[in-house]
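Visitor: Protein chains in written order, with the working numbering: chain E, 1 to 112; chain H, 1 to 112.
Keep in mind that the hints were calculated from the coordinates and are not lab data.
Heads up, a few of these hints could be off.
Said to hold, decoys possible - Quick list of the computed label-pair ranges, beta carbon to beta carbon:
(1) H:Ser28 / E:Thr20: 34 to 40 angstroms
(2) E:Lys14 / H:Phe46: 19 to 25 angstroms
(3) E:Leu69 / H:Glu15: 45 to 51 angstroms
We put the beta carbon where it would ideally sit given N, CA and C, even for glycine.
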Amino acid sequence: NAGVTQTPKFQVLKTGQSMTLQCAQDMNHNSMYWYRQDPGMGLRLIYYSASEGTTDKGEVPNGYNVSRLNKREFSLRLESAAPSQTSVYFCASSEGGTGELFFGEGSRLTVL
Amino acid sequence: GESVGLHLPTLSVQEGDNSIINCAYSNSASDYFIWYKQESGKGPQFIIDIRSNMDKRQGQRVTVLLNKTVKHLSLQIAATQPGDSAVYFCAEFYSGTYKYIFGTGTRLKVLA
Chain E
1 NAGVTQTPKF
11 QVLKTGQSMT
21 LQCAQDMNHN
31 SMYWYRQDPG
41 MGLRLIYYSA
51 SEGTTDKGEV
61 PNGYNVSRLN
71 KREFSLRLES
81 AAPSQTSVYF
91 CASSEGGTGE
101 LFFGEGSRLT
111 VL
Chain H
1 GESVGLHLPT
11 LSVQEGDNSI
21 INCAYSNSAS
31 DYFIWYKQES
41 GKGPQFIIDI
51 RSNMDKRQGQ
61 RVTVLLNKTV
71 KHLSLQIAAT
81 QPGDSAVYFC
91 AEFYSGTYKY
101 IFGTGTRLKV
111 LA
C-alpha cells in the first residue's frame, strides 16, 4: 500500500505564479486534509474534506483553494503565490471518527 | 533535511531515562487526542491515541495521560532510546467538525 501520496515533492515558484499540489490516498478513507508546517509553528490546518463532496476551511485558508476530485484525491491550489506561502505542505487522510490521521511525505514549496 | 522545529521547545534526556512530553489542548469537546512523532524530512507518524472518556492508555514503551479538568495531555516514553529523537506533536480531534488541530510540538533530544 502506498498510503498517502503527494506530488510534487519540491517546487520553486515566483511571486504571482499559480500551482496545484496533488494528493491521493489508497486506503478508502472518507476524510482528507491539507496542512502547512512552518519552523516553530507546528502544523496548521488549511482546508479539509470530511467526506467526498464537502470541503471546509481550516485555520489558515486565505490564499488557497481546494478540490475534492473524488474519494481518493484532494488537491490544493495556490492561485497567486506569495513568499508567505513558502512552507512544507502535508496531505493527510483518515477513516473519519477515529484517532489516526495518515500523512504523506510532504511537499516543500519555496516562493521567491 | 527538514527545517521544521528550529524554534520549538526542546526536551533533552539521557538514553535509558524516561521522557515526559506535555501538551495543552483547547477544545473541551474534542473526542480523541493523538500523539505524533516527526523525524527530519518525514511526515508525522501516529504513536498512540486516547479517547476523551479515558484517563490513561498504554502502548509499547509509551503511555498517554489525559487530564480533562485542566485540558492537559502528556506522553511518557519509557527507557528513551536514540531512535526516539524527533519532534513530537499532540493533536485533538472533534467529531462535530472532523477537524484535527495540532499543538506546536516539542523536540526530544536523546543524549548518549
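Visitor: Which hints, by number, does the structure contradict?
Guide: 2
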